[in-house]
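Since the structure of chain A is provided, determine the placement of chain B on it from the hints.
Listed in order, the protein sequences are those of chains A and B.
Residue numbers for the first sequence follow this note's numbering, beginning at 1 and rising by one.
Residue numbers for the second sequence follow this note's numbering, beginning at 1001 and rising by one.
Per label pair, the in silico range of CB-to-CB distance:
# : chain 1 : residue 1 : chain 2 : residue 2 : range
1 : B       : R1111     : A       : P60       : 21 to 31 Å
2 : A       : A179      : B       : R1201     : 34 to 44 Å
3 : B       : R1065     : A       : A98       : 39 to 49 Å
4 : A       : A98       : B       : P1072     : 33 to 43 Å
5 : A       : D52       : B       : E1170     : 38 to 48 Å
6 : A       : E58       : B       : D1096     : 47 to 57 Å
7 : A       : A179      : B       : A1130     : 42 to 52 Å
8 : A       : Q54       : B       : R1228     : 50 to 60 Å
These are computed hints drawn from the structure, not numbers from a lab.
Predicted model only: the values in this text are computed from it and were never measured.
For glycine and all other residues, C-beta sits at the position ideal for the given N, C-alpha and C.
There are 2 protein chains.
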Amino acid sequence: MAPRPTAAPAARLASCACAPAAGGAARARPFQPPGARPTLPAMPVVPFVRHDSQVELETPVFRLRHDRASHPVTGHEGRYVVLEAPDWVNIVALTDDAHIILVRQWRHGTRTIELECPAGMVDRGEAPLAAAARELREETGYEAASMRLIGRVAPNAAFQDNTCHTVLAEGCRPRHATAFDPGEDIELVLTPLADLPAMVRSGQIHNGMGVVALFWWLQETGRLDWPR
Amino acid sequence: MAPRPTAAPAARLASCACAPAAGGAARARPFQPPGARPTLPAMPVVPFVRHDSQVELETPVFRLRHDRASHPVTGHEGRYVVLEAPDWVNIVALTDDAHIILVRQWRHGTRTIELECPAGMVDRGEAPLAAAARELREETGYEAASMRLIGRVAPNAAFQDNTCHTVLAEGCRPRHATAFDPGEDIELVLTPLADLPAMVRSGQIHNGMGVVALFWWLQETGRLDWPR
Chain A
1 MAPRPTAAPA ARLASCACAP AAGGAARARP FQPPGARPTL PAMPVVPFVR HDSQVELETP
61 VFRLRHDRAS HPVTGHEGRY VVLEAPDWVN IVALTDDAHI ILVRQWRHGT RTIELECPAG
121 MVDRGEAPLA AAARELREET GYEAASMRLI GRVAPNAAFQ DNTCHTVLAE GCRPRHATAF
181 DPGEDIELVL TPLADLPAMV RSGQIHNGMG VVALFWWLQE TGRLDWPR
Chain B
1001 MAPRPTAAPA ARLASCACAP AAGGAARARP FQPPGARPTL PAMPVVPFVR HDSQVELETP
1061 VFRLRHDRAS HPVTGHEGRY VVLEAPDWVN IVALTDDAHI ILVRQWRHGT RTIELECPAG
1121 MVDRGEAPLA AAARELREET GYEAASMRLI GRVAPNAAFQ DNTCHTVLAE GCRPRHATAF
1181 DPGEDIELVL TPLADLPAMV RSGQIHNGMG VVALFWWLQE TGRLDWPR
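So here's chain A without its partners, still in its complex pose (with noise of 0.2 Å):
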């Protein structure tokens, strides 16, 4: 709770009215509030020094761990929780006959049944596609013609230090019988490309990262209009 040293709200304004950043954007000149005097050069966000870390739990899905850090400039200093997790896959995985293969599986975290694509952890040494085909075959018998990755996240920056990968899967087709893991109960959907749409629109399809999925899908099928 130290105050920082040398920038208070003002001072820090002045730091925002610098060159430009990176990647084409502009750092913004905000608006002056009457009585402030900008006088401190720009002053970039800059890593947080950490000083030690300590795992205080471990789950199947993650490590808890708490790590001690301050800001290199203003001497803050605090104590941040971080979920150790592996990387996860999401699955858009379609049929030659234009549609989506979703599960519907009961989720303990909302503690709802939700309807998701297909989806989970990558496990120690495995490639992201080779868990994307496992996790598929696994939850729904299905096997892809083809499949590639078509993007990622960090699916929680603030507190997790995982990335959430997303694999498309084309040409799929039934070929296994479903393998679940103790407590797993999945129950295959097999989803008209024409329904999609109206189901995010209602909140039906809402897991995060699932979501995060058909946006990587319609981005890499050239179906993002993006304002110019």
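What follows is chain B alone, placed relative to chain A:
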């Protein structure tokens, strides 16, 4: 780890070959492995029964509990970790001259400086729109002429109980001094809309809920060209 008493994988496949589910989606009829004799009636996915629940850890961003729950049909019992977190808001904040307001900040989860939509936690008793206006003001000093909710997701239905709301904030103008939380150090990056697609494709913007926010914005403004 008790085996499912009534349904081997092959029998579970049989349960998928049932009547159409809600929403126009039909259950799939997966491949029947040789020797499979589907004899069970349809068995829909059902909620687990929770036996007890224990809070193990409190942090400023979530409360961690363990639920002991079992599948009502198979009897399989497990211990499931859940993060009780406040709702979040992500803000697509636009100016009248075709810029989007982004922020750069150090994130302890990924240990990188992320470029993101302004975002934050919804305070207890606060409406999501009010939280969005507050976070936008605190992080950037901007105020919107109009704001509306355009979508929501479960950030992680598997082990998190909260909702992430997306708010579209239009006509944003700098009106206030920023007010960072202790330990926050945020740089405002006023970005031309025309630069956005390349920044998403290149991974410069890759925090999950920010990508979801862009999805809802494109959806809201009719810019998603879904396959038919």
